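Visitor: Kindly produce the complete structure, drawing on both the sequences and the hints.
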Amino acid sequence: IEKVYKNGCHVILFPNGTRKEASADGKTVTVTFFNGDVKQVTPDGRVRKHLRRGGGADSVSLQIYYYAATHTTHTTYPEGLEVLHFSSGQIEKHFPDGRKEITFPDQTIKNLFADGQEESIFPDGTIVRGQ
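Yeah, the sequence shown ends on 132 if you go by this note's numbering, and it's all consecutive.
Hint data in this document are derived by calculation from the structure and do not stem from the laboratory.
All values reported here derive from a predicted model rather than from experimental measurement.
Some hints could be false.
What follows is a list of derived Cβ distance ranges for each label pair [to be verified]: (1) S89 with V129: 15 to 23 Å; (2) D116 with T19: 22 to 30 Å; (3) G81 with G126: 51 to 59 Å; (4) I13 with I110: 24 to 32 Å; (5) V84 with F123: 18 to 26 Å.
Mimicking SDA-like on lysine to any residue, the simulated pairs with C-alpha atoms at most 20 Å apart in a straight line are [unchecked claim]: (6) K101 with A70; (7) K101 with E80; (8) K101 with A69; (9) K21 with F34; (10) K94 with T104; (11) K94 with T73; (12) K28 with N17; (13) K111 with H86; (14) K4 with R20; (15) K7 with G37; (16) K28 with P16; (17) K7 with F34; (18) K111 with A69.
Glycine is no exception: its CB is placed at the ideal position from the N, C-alpha and C atoms.
Guide: Right, dumping it as C-alpha cells:
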C-alpha cells in the first residue's frame, strides 16, 4: 500500500509490516522493518534523534541503522567512518584506513591498527602496547 500525503511525503506499507517513508524531496528515507530495526539515510547529515542506525545508500549520505534485537546503532559517515554504539556502553569506531578504536564502558580504550599492532589505554593512564 502506498500513500502520498498533502505535504508530499510518501509512505509505503509492505505486507510483512515493514514501512518505508520518503520525504517530499526524496532525500531522506526511513525504513522501519517488521523486526523493529530502523534504517535512515539522509543526504546532508541531519539525523532524527529517535533513530539509531544506517547502511546502504550513496557515498554522500549519512546512514544510520538501529538493530532492535541487540539495541545496537551503526552510523556510517560520508568519509567512511563507521561508529557502533552497543547497549553495554561500548563504542567502536572503524576508520577508513583499517584502524579501530574501541571504548569500553569502564573508559578503557583499545586501538587496533591496520598493521596488527594494538594499544590499550586504561583509565588510570597506563598504556600497554603489543601485537
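Visitor: None of the hints should be skipped; say for each whether it holds.
Guide: Okay, the hints, checked on the actual structure:
At roughly 22 Å, the beta-carbon separation of S89 and V129 lies within the given 15 to 23 Å, and the hint holds. A C-beta distance of roughly 42 Å is found between D116 and T19, which places it outside the suggested range of 22 to 30 Å. Restraint check, G81 to G126: a C-beta distance of roughly 31 Å breaks the suggested window 51 to 59 Å. As the Cβ distance of I13 to I110 is approximately 42 Å, the hint placing it in 24 to 32 Å is violated.
Distance hint for V84 and F123: a CB-CB separation of about 22 Å, consistent with the stated range 18 to 26 Å. About 24 Å separates the Cα atoms of K101 and A70, which puts this hinted pair outside 20 Å; it is violated. This hinted pair checks out: K101 and E80 have alpha carbons roughly 15 Å apart, not beyond 20 Å. For the hint pairing K101 with A69, the CA-to-CA distance comes to about 24 Å; that exceeds 20 Å, so the pair is violated.
Our distance criterion of 20 Å between C-alpha atoms is met by K21 and F34, whose separation comes to about 8 Å. With a C-alpha separation of about 9 Å, the suggested pair K94 and T104 falls inside the 20 Å cut-off, and the hint holds. For the given pair, K94 sits about 13 Å from T73 by alpha-carbon distance, which is consistent with the 20 Å threshold. With a C-alpha separation of about 25 Å, the suggested pairing of K28 with N17 is violated against the 20 Å cut-off.
Taking the CA atoms of K111 and H86, the gap is near 15 Å; set against the 20 Å cutoff, the hint holds. Between K4 and R20 the CA atoms are separated by roughly 11 Å; this keeps the pair inside 20 Å, and the hint holds. Using a Cα cut-off of 20 Å, the hinted pair K7 and G37 is violated, with the two alpha carbons roughly 27 Å apart. Taking the CA atoms of K28 and P16, the gap is near 24 Å; set against the 20 Å cutoff, the hint is violated.
Taken as a hint, the K7 and F34 pair is broken in the structure, with Cα atoms around 24 Å apart against an allowance of 20 Å. Under the criterion of a C-alpha separation no larger than 20 Å, the hint pairing K111 with A69 is inconsistent with the structure, at around 26 Å.
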